[in-house]
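Trainee: Residue numbers (UniProt numbering), protein chains in the order written: chain R, 1 to 346; chain P, 1 to 346; chain S, 1 to 346; chain G, 1 to 346.
Honestly, the hints are just simulated from the structure, not real lab data.
Computed from a prediction, not measured in an experiment: that's the story for all the values here.
Worth double-checking, as some hints may not be accurate.
FRET-style restraints, in silico, Cβ to Cβ [claimed, not checked]:
| id | chain 1 | residue 1 | chain 2 | residue 2 | range |
| --- | --- | --- | --- | --- | --- |
| 1 | P | 336 | G | 170 | 52 to 62 Å |
| 2 | P | 76 | G | 280 | 24 to 34 Å |
| 3 | S | 142 | P | 78 | 49 to 59 Å |
As a list, the in silico DSBU-like pairs of lysine-lysine whose alpha-carbon atoms are at most 30 Å apart [what the hints assert, rightly or not]:
| id | chain 1 | residue 1 | chain 2 | residue 2 |
| --- | --- | --- | --- | --- |
| 4 | S | 278 | G | 2 |
| 5 | R | 186 | P | 204 |
| 6 | S | 278 | G | 120 |
| 7 | S | 278 | G | 114 |
| 8 | G | 111 | G | 186 |
| 9 | R | 136 | R | 65 |
| 10 | R | 278 | P | 121 |
| 11 | P | 186 | S | 204 |
| 12 | P | 278 | R | 278 |
| 13 | G | 120 | G | 136 |
| 14 | P | 121 | P | 2 |
| 15 | S | 142 | R | 278 |
| 16 | G | 136 | G | 2 |
| 17 | S | 165 | G | 186 |
| 18 | R | 65 | R | 55 |
The beta carbon of each residue, even a glycine, is placed where N, CA and C say it ideally should be.
Protein chains: 4
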Amino acid sequence: MKIGIVGATGYGGTELVRILSHHPHAEECILYSSSGEGNVYSEVYPHLTGLADQKLKPIDMNTIKHEIDIMFLAAPPGVSSELTPQLADAGIPVIDLSGDLRIQEPAEYEKWYKRTAAPKKVIHEAVYGLAELNQKQIQQAKLIANPGCFPTAVLLGLAPLARKKLLNESFVIVDAKTGVSGAGRKASMGTHFSELNDNFKIYKVNEHQHTPEIEQALNEWQPGLGPITFSAHLVPMTRGIMATMYTQLTTSDLSADDLHDLYSEFYQDSYFVRVRPKGQYPQTKEVYGSNFCDIAVTLDERTNRVTIVSVIDNLMKGAAGQAVQNFNLMNGWNEETGLTMTPIYP
Amino acid sequence: MKIGIVGATGYGGTELVRILSHHPHAEECILYSSSGEGNVYSEVYPHLTGLADQKLKPIDMNTIKHEIDIMFLAAPPGVSSELTPQLADAGIPVIDLSGDLRIQEPAEYEKWYKRTAAPKKVIHEAVYGLAELNQKQIQQAKLIANPGCFPTAVLLGLAPLARKKLLNESFVIVDAKTGVSGAGRKASMGTHFSELNDNFKIYKVNEHQHTPEIEQALNEWQPGLGPITFSAHLVPMTRGIMATMYTQLTTSDLSADDLHDLYSEFYQDSYFVRVRPKGQYPQTKEVYGSNFCDIAVTLDERTNRVTIVSVIDNLMKGAAGQAVQNFNLMNGWNEETGLTMTPIYP
Amino acid sequence: MKIGIVGATGYGGTELVRILSHHPHAEECILYSSSGEGNVYSEVYPHLTGLADQKLKPIDMNTIKHEIDIMFLAAPPGVSSELTPQLADAGIPVIDLSGDLRIQEPAEYEKWYKRTAAPKKVIHEAVYGLAELNQKQIQQAKLIANPGCFPTAVLLGLAPLARKKLLNESFVIVDAKTGVSGAGRKASMGTHFSELNDNFKIYKVNEHQHTPEIEQALNEWQPGLGPITFSAHLVPMTRGIMATMYTQLTTSDLSADDLHDLYSEFYQDSYFVRVRPKGQYPQTKEVYGSNFCDIAVTLDERTNRVTIVSVIDNLMKGAAGQAVQNFNLMNGWNEETGLTMTPIYP
Amino acid sequence: MKIGIVGATGYGGTELVRILSHHPHAEECILYSSSGEGNVYSEVYPHLTGLADQKLKPIDMNTIKHEIDIMFLAAPPGVSSELTPQLADAGIPVIDLSGDLRIQEPAEYEKWYKRTAAPKKVIHEAVYGLAELNQKQIQQAKLIANPGCFPTAVLLGLAPLARKKLLNESFVIVDAKTGVSGAGRKASMGTHFSELNDNFKIYKVNEHQHTPEIEQALNEWQPGLGPITFSAHLVPMTRGIMATMYTQLTTSDLSADDLHDLYSEFYQDSYFVRVRPKGQYPQTKEVYGSNFCDIAVTLDERTNRVTIVSVIDNLMKGAAGQAVQNFNLMNGWNEETGLTMTPIYP
């Protein structure tokens, strides 16, 4: 297949190029850019010297519709609202990595994103691409809203409980930590080395736009669940997300062992979710460069509270990796196709 | 005054040397070591070349009792249980930076530390040196149990609520993050650069020995409060602790503004605690190398939950800095004496 | 083929496992260990959970000789001196990643390594596995001395000049910088996070054991060349080596353009060496996780001096990657087989 | 004295504030800014909350001339050319931290800086503030050109040789490494965390604007010395510079011990230069936050080449610290006044 990528100059985009250049069903990657058209891609990213020396092409729908079989949109907010209908008209399936199409309720989107929502029609056509949970719908989809990085880690961590209505709504606390690549390649004070190195900060307390995305999925699984509390922290590292989640169960019938079993069984057929042995906790580096989501769960008998730890590589399972996993599912291939890279350690 | 330090080869010890070498009432620092006796201190720590070229002396109580006016113990577990009674006999006040004397209930100590507790007599003589909260007792004390690094950040963050019985015991969640220097100077897999760099890990989930220390103080302030949930995380940075704390209030009468006012007033006379303006959150680097504890507090009206963020430099306010603050209080000096260093930024 | 690895618990060993687990001609990896026998490998390296759950086996030559078709030795100094003859007797080809077999002159080895040299017979059988330069001998070899990490970067950077006798012996200065993984997984003060983070240090000035390895190869290419000056520096990062090299040419007939052309032509058939366009300098991250060696060369007309910059991933092209490249050559396969991974960026 | 600072929002500026807020002769710091006027300084730098809550003032010479006794200029290129003559007219001494006034030859400045040079009159009035070497002229000066960060490390490292005409001009190679704070606070791809973290890069090879500053001083000390070779590298750390320098001596009469003695004697009265014991090499962190320059020198008998290692904190001895040292000298105070802070380690 011929694959188009809009936004290849961003980190999500270049990670798509890394994956797809070794994907057995990807014949060619055509890279589109509004800002960098005409530039040689390996001059933008010299690590690709000799590997991706093609020029960036302008986003011209007349050409695009004859060139590609599927489009990945890894572009800033607003772009997919505009391009998705045109691509649909041209019959080209789309996997959108932005947050534009993830929130079903426009008012909710606008409240958290402080932007105009995409047209309702587009939003409603989009299938939420949380691959392990929505596999069937994804297989039928022509338009995927690829999940956010934090929601991927959080939802995979909470799904086994929410699906069984086990989350106690008195508190679901998500304390999330991310590497800096999640903020993209644009230079700003928020990505400035000297401001972040040997430093640890919290941001968007109770205001992070990934909150409604998490709540939307949780409420689908466990209707009526109240709001969660979500905080994001910035770790002086490049890649990786850890979500540490705290809650209580709605039942007292489950032992710590039962809880661990519940998780292991829930994910027993999911190649990319590795529930760790009891007592072992994952580190972000242990999934570095891979599409794995590693999870630990524990019930503390002293406090009767549950702690869940979930780690991903934010550019892989949290973005490009899951996008390719969705690409595989949409095409009826094994979800692991082209995604079996071993984590790089150390 | 002549000052003795046991354990000067550790990070807490060398931070004491840094502070005390500029303290107006510290005439001389005499450094004792069981492992390194005879070594020139600036060969152990070459950054002190020309500044601290004295030799490390053996721990010999016969000599010690004639040499010093006060002793700081920055030694591994077990040492202070042994030395403290001897120093007391010699009439030498002690500030102990270990965890040995902090837990009043020996069984509790032994459960969490998995070690034999210190003699009851010694424990009961020790005053818990949380300087902002126990100022009066510290001024009278001859023996200080200097607080742990995590408890300092956490307790300063929760004290305004606990003192007013405002913590809702249904959940008090503490998600703590620390730089690696908290693990000391001993080489191990847990302090290995390649294992920690560009990585983020969680450790001692529900098992951290600082938990009972936090609960003990909270229960003194708000009797009957149930257990807290505490997790520690390791950040790829050298210094700094952030504790992110989540709870609910026992009342619905306080607005977000009221809550912020409560904190500001609580700490209005505390030079070292800086309650940040509403909406501003502290970063660990903003207290780097200083004795400040910076705090933010917020009440989210959507969820009705409270988030408190507290940051310190673990080697300063979390160890040596607070020890010197206690030294000042014990001697009737202004608590800021020798501790007004500006944070180093960036 | 069935592949044996001794020393799989080290970083070089686990990188071999990462590569070989996707190598089309590697049927199975059998992992041997003297210290960790019986342990499950994915418990030593949890990033391999589900990917390499085999147990580590003892080093028992009676078993080994029936189990494997080739052996990679990624063990501490001394091990290969002992194992290599036994493996030769059993007819098993060996790729040795240690420094034991690289120095032809035992006295030279003993002077720099401060250890007894391997038996002469073994040393003389070993082919120096600098893949781009010694391709023919490698193809015939049964025993490979895989080059050191620094020598690989340095020799690929200097070979085009030395092969043409263009190095001016008045000075060849090599200022080398490495990430910390080069020091291995053993915990020590030299790999302690708090000692290295936000710090930069120089070590083994004029004493690094890779010096004679570099000089040996240079003198083979340009006989009579005098000693080089070599310094190693430790960078607070995990992976990557940059060698910055300074020299003068023996001729004044070459322009800056000529010099660049000389390099481009020298490596035109070498997939893994990427000579960068004139004026562009490689960064270590641009080869992260890959087997590339990226090189820049420049002649400064103001000073008439040449600067060469060469970067590799020390665990890949500097160790496991080049070892597999040699494995490919020994077996008559394309040298790129199983080694085409794209650098991970950012 | 009342002290003015232009450019307080930059890193050099905030380091001046840190030092001067504890300087015994600094009564008040008045902060001027063209871009940030009206802003509260501690909102720009929250680590100064409660410590520097004054507002930034506009740069209005009519006011300035009545407000301050001395001006520190820590501003971008071009500003000092404009302000210095006006401050001179008002009789206000100036310490300029920019590169504008350091190069005596305008054509040389314009070639390397690619900007118009400052007026000749201003340049010629400026005394080059390399405090250890130019002490006498600094004591008489009204206008100081404070040295660049790299030149400070390099010149202190080479001065003992150059002053004795011992540098062999066949090669003086300077391989310099710096932390990222040297690039200032402006956000750019060159200071982007994800681009720099776990990465090591070289930049401005043979083109760095600090080259002529170094050559100018060396040629003053050892007239006729030819050009040096200078390369800058960026280390993933915030603060610190190491310059590794390679050369040969013009004599063969000096042994390694003689050479070390020469350095020790040369700096025996310089508080801020610490020549390390023979065989010990300084690390950048060992001067972190302090005004020290630590130096090692070695003569390798095998190669007959000399290696000199010099480290500083680029924001202290390489900028604000040396500026205050010059401030002390200009006013006849002890050069250490307000500058005796111990390096922060770890």
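Trainee: Against this structure, judge whether each hint is valid.
Mentor: Outcome of the hint check:
Between residue 336 of chain P and residue 170 of chain G the CB atoms are about 57 Å apart, so this pair conforms to the stated range of 52 to 62 Å. For residue 76 of chain P and residue 280 of chain G, the Cβ-Cβ distance of about 28 Å falls inside the hinted range of 24 to 34 Å, so the restraint holds. For residue 142 of chain S paired with residue 78 of chain P, a C-beta distance near 56 Å keeps the hint of 49 to 59 Å intact. In summary, the hint linking residue 278 of chain S to residue 2 of chain G is not supported, as the alpha carbons are separated by about 52 Å, beyond the 30 Å threshold.
Annotation: proposed proximity of residue 186 of chain R to residue 204 of chain P is violated, straight-line Cα distance about 37 Å (limit 30 Å). The hinted pair formed by residue 278 of chain S and residue 120 of chain G fails the criterion: a straight-line CA distance of about 37 Å is larger than 30 Å. Proposed proximity of residue 278 of chain S and residue 114 of chain G is supported: the alpha carbons are some 21 Å apart, at most 30 Å. The suggested pairing of residue 111 of chain G with residue 186 of chain G holds, with an alpha-carbon distance near 24 Å, which does not exceed 30 Å.
Under the criterion of a C-alpha separation no larger than 30 Å, the hint pairing residue 136 of chain R with residue 65 of chain R is consistent with the structure, at around 27 Å. Of the supplied pair hints, the one linking residue 278 of chain R and residue 121 of chain P is violated, its CA atoms being roughly 40 Å apart against a limit of 30 Å. This hinted pair checks out: residue 186 of chain P and residue 204 of chain S have alpha carbons roughly 23 Å apart, not beyond 30 Å. As the CA atoms of residue 278 of chain P and residue 278 of chain R are separated by approximately 41 Å, the hinted pair breaks the 30 Å bound.
For the hint linking residue 120 of chain G to residue 136 of chain G, the alpha-carbon distance of about 23 Å falls within 30 Å, and the restraint holds. Under the criterion of a C-alpha separation no larger than 30 Å, the hint pairing residue 121 of chain P with residue 2 of chain P is consistent with the structure, at around 27 Å. For the proposed pair residue 142 of chain S and residue 278 of chain R, the alpha carbon gap of about 45 Å is over 30 Å, so the pair is violated. As the CA atoms of residue 136 of chain G and residue 2 of chain G are separated by approximately 24 Å, the hinted pair is consistent with the 30 Å bound.
Between residue 165 of chain S and residue 186 of chain G, the direct Cα distance comes to roughly 46 Å. Violation of the 30 Å bound is thereby established for this hinted pair. Annotation: proposed proximity of residue 65 of chain R to residue 55 of chain R holds, straight-line Cα distance about 18 Å (limit 30 Å).
Hints 4, 5, 6, 10, 12, 15 and 17, counting from the list given before, are not met by this structure.
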